[in-house]
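Protein chains in written order, with our numbering: chain A, 1 to 340; chain B, 1 to 340.
Honestly, I wouldn't trust all of these hints.
For lysine-lysine, the following DSSO-like pairs were computed, each having C-alpha atoms within a straight-line distance of at most 30 Å [what the hints assert, rightly or not]: (1) B:Lys136 to B:Lys319; (2) B:Lys327 to A:Lys319; (3) B:Lys327 to B:Lys136; (4) B:Lys319 to A:Lys47; (5) A:Lys136 to A:Lys327; (6) A:Lys47 to A:Lys214.
Now the stretches of chain A that chain B is said to cover, found in silico as 3 or more residues with beta-carbon under 8 Å [as the list claims (entries may be wrong)]: (7) 116-127; (8) 272-285; (9) 314-328.
Since the hints were made in silico from the structure, they are not lab data. Quantities reported herein were computed from a predicted structural model and do not represent experimental measurements. In this text, a Cβ means the ideal position worked out from N, Cα and C, and glycines have one as well.
2 protein chains.
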Amino acid sequence: MLALAAARLGFDTCVLAPEADSPAMRVAASHIVAAYDDEAALAAFAKRCHVATFEFENVPATSILHLQSMDLVVAPGPRALSVAQDRIFEKTFFAERGIACAPFAAIEQASDIVAALARLGAPSILKTRREGYDGKGQTVVMSADDAGDAFERVGRRPAILEGMAPFVRELSVIIARGWSGEIAAYPPGWNQHEAGVLRRTVTPAPSSPETLAKAVEIARSLVEGLGYVGVMGVELFEMADGALWVNEIAPRVHNTGHWTLDACEVDQFEQHIRAIVGWPLGPTHPMARAEMINLLGEDANEWATIAADSGARLWLYGKSGAAPGRKMGHVNRLTGPFPS
Amino acid sequence: MLALAAARLGFDTCVLAPEADSPAMRVAASHIVAAYDDEAALAAFAKRCHVATFEFENVPATSILHLQSMDLVVAPGPRALSVAQDRIFEKTFFAERGIACAPFAAIEQASDIVAALARLGAPSILKTRREGYDGKGQTVVMSADDAGDAFERVGRRPAILEGMAPFVRELSVIIARGWSGEIAAYPPGWNQHEAGVLRRTVTPAPSSPETLAKAVEIARSLVEGLGYVGVMGVELFEMADGALWVNEIAPRVHNTGHWTLDACEVDQFEQHIRAIVGWPLGPTHPMARAEMINLLGEDANEWATIAADSGARLWLYGKSGAAPGRKMGHVNRLTGPFPS
Chain A
1 MLALAAARLG FDTCVLAPEA DSPAMRVAAS HIVAAYDDEA ALAAFAKRCH
51 VATFEFENVP ATSILHLQSM DLVVAPGPRA LSVAQDRIFE KTFFAERGIA
101 CAPFAAIEQA SDIVAALARL GAPSILKTRR EGYDGKGQTV VMSADDAGDA
151 FERVGRRPAI LEGMAPFVRE LSVIIARGWS GEIAAYPPGW NQHEAGVLRR
201 TVTPAPSSPE TLAKAVEIAR SLVEGLGYVG VMGVELFEMA DGALWVNEIA
251 PRVHNTGHWT LDACEVDQFE QHIRAIVGWP LGPTHPMARA EMINLLGEDA
301 NEWATIAADS GARLWLYGKS GAAPGRKMGH VNRLTGPFPS
Chain B
1 MLALAAARLG FDTCVLAPEA DSPAMRVAAS HIVAAYDDEA ALAAFAKRCH
51 VATFEFENVP ATSILHLQSM DLVVAPGPRA LSVAQDRIFE KTFFAERGIA
101 CAPFAAIEQA SDIVAALARL GAPSILKTRR EGYDGKGQTV VMSADDAGDA
151 FERVGRRPAI LEGMAPFVRE LSVIIARGWS GEIAAYPPGW NQHEAGVLRR
201 TVTPAPSSPE TLAKAVEIAR SLVEGLGYVG VMGVELFEMA DGALWVNEIA
251 PRVHNTGHWT LDACEVDQFE QHIRAIVGWP LGPTHPMARA EMINLLGEDA
301 NEWATIAADS GARLWLYGKS GAAPGRKMGH VNRLTGPFPS
């Protein structure tokens with residue numbers, strides 16, 4: 001979807017990815033099939049490009065540094081990537097910015113869990129520090145007795161224990177920041193998950209205007225604190241009293257922003273391209289209320305029914321295998337004029 | 001833009017064109033650089049595809065027949081293409097459907113012009129029968145004295161002499177027809193030309209509701225008469241009394257429909273893909289009034305100014321040379337809610 005947005009604006013895209021059947025390669029002017037840390041491939045890639053970005057936060061930060069060492073402009077930069085890749089770095093960054101988040105403790109061994117539970121309370125959530133997404137690498141720790149088993153369940157890897165966030169709703173803010181410091185945020189969406197995977201985002205979120213403004217303010221503080229360039233997704237927990245805790249940041253275009261593809265004049269993908277190439281950012285006030293529903297695994301087999309529904313805007317990603325829970329596409333529905 | 005629309009719906013595109021730097025190839029899963037009548041290339045193309053279409057009406061109709069002989073589904077079919085490629089066939093088809101158009105005469109030699117002028121009146125317009133577009137291959141014949149020179153000016157080729165249409169406005173209808181016979185038309189646009197080239201399309205056109213309905217009805221009659229599948233552009237002249245003459249048809253997505261890219265839930269490109277692959281057609285009622293302005297030649301150098309205008313949705317085609325009058329991109333502006 002980034003490559004499609006770039007093409008609209010007259011840019012050619014080169015895709016580097018380890019998968020030869022990457023959907024992005026099928027809409028790119030050129031591509032390189034290689035590991036993200038293949039230095040010869042990175043050199044060839046740098047020669048072809050004027051600016052590089054990523055849409056997957058597990059690209060090694062060292063690869064970004066390597067591209068920069070060859071004078072390629074890369075956005076977002078390695079700092080945002082390394083903060084987003086490590087849940088301890090991430091939470092520490094939130095604390096530095098004075099932004100509330102769930103209480104947490106770094107976990108190196110099972111006994112650390114027992115000690116942390118005393119402070120955070122049970123149940124708490126144990127997550128690997130790195131490379132978790134869509135609920136993977138996470139487990140609930142019910143009590144101190146479960147500490148050893150829980151550490152096994154996340155693969156005995158460096159982890160974080162997080163206190164439960166007593167939230168009533170998850171929000172996300174899709175925010176862009178340009179090289180000049182210009183910022184543009186879309187109205188927050190309300191995210192609904194099933195089995196740890198995003199199922200649905202609804203905009204506008206049914207929160208108070210004050211809470212929605214505060215969510216955007218938090219997102220602004222985060223992109224400014226990182227000197228961020230590009231689109232970032234910021235997930236937040238809304239408490240019953242309207243307080244917000246930031247959950248996590250994604251240094252890329254974000255699934256919870258896919259509703260912008262049909263509801264906004266400039267969607268998050270064009271916005272990201274505008275930001276990284278140094279163009280002014282586009283408008284973010286939506287043309288319509290929207291609801292985005294992910295097509296997970298075999299949901300995508302319903303394409304014929306969805307295509308026949310005049311209210312459904314269908315996006316299929318052209319992925320080859322529909323494993324259970326895999327994001328195969330999404331559907332946007334426009335549900336009326338957006339409140340001004 | 002067709003390849004971008006196809007990608008959104010999960011389809012891969014293969015582009016066959018004689019130009020190695022075709023913008024479409026840079027967003028297609030594969031491509032073949034070959035002449036449109038290269039039989040080996042057509043055979044390779046047919047093997048890769050499930051359905052073929054074209055976005056350029058000067059593809060030889062024989063190539064379409066050749067693809068069909070290899071059991072490839074092609075839409076629109078060769079009949080629409082051959083009617084649209086020859087101004088005499090086209091006008092004859094209009095007459096068969098009982099649809100008004102400018103009076104005309106077939107011209108094989110300069111003396112035919114003299115005879116026809118007596119019937120059609122002077123000035124009239126001399127156009128080559130085949131391969132004219134954007135005002136090329138056209139000349140005004142001021143009087144019988146000019147007949148010989150005028151025939152030279154169009155290259156002494158088989159031509160058509162058309163009486164002047166005393167129109168107040170040019171309209172176009174972008175209409176789609178599916179394999180099932182389902183039809184969907186966008187509201188007519190008002191087209192403004194400069195030096196024979198489309199400069200601007202405005203929707204809704206400022207014509208009476210009756211005239212707009214009649215324009216759509218004419219377009220419907222034409223796609224039904226051709227058994228057409230896909231999106232067609234129908235250009236019409238509106239007279240002072242609201243009468244309509246059809247000017248010409250384009251058997252493809254059309255420049256005067258580019259406003260749908262930003263103003264409609266399903267734009268003309270997705271609509272064309274839906275039609276040719278046998279999907280139900282999408283909604284055509286616009287979300288917004290729109291104005292489309294072509295970026296001709298060096299207009300596109302103004303991209304930085306346009307990109308900074310929050311009301312301008314910019315499309316750049318990635319063409320390599322900005323010859324004067326060449327269509328390098330376009331800008332859509334949304335100008336308020338569309339009347340219901």
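Inset, instruction - Any hints from earlier that this structure breaks? Give me their numbers in increasing order, please. - result: Hints 2, 6 and 7 are the ones this structure does not satisfy, whereas the remaining hints hold.
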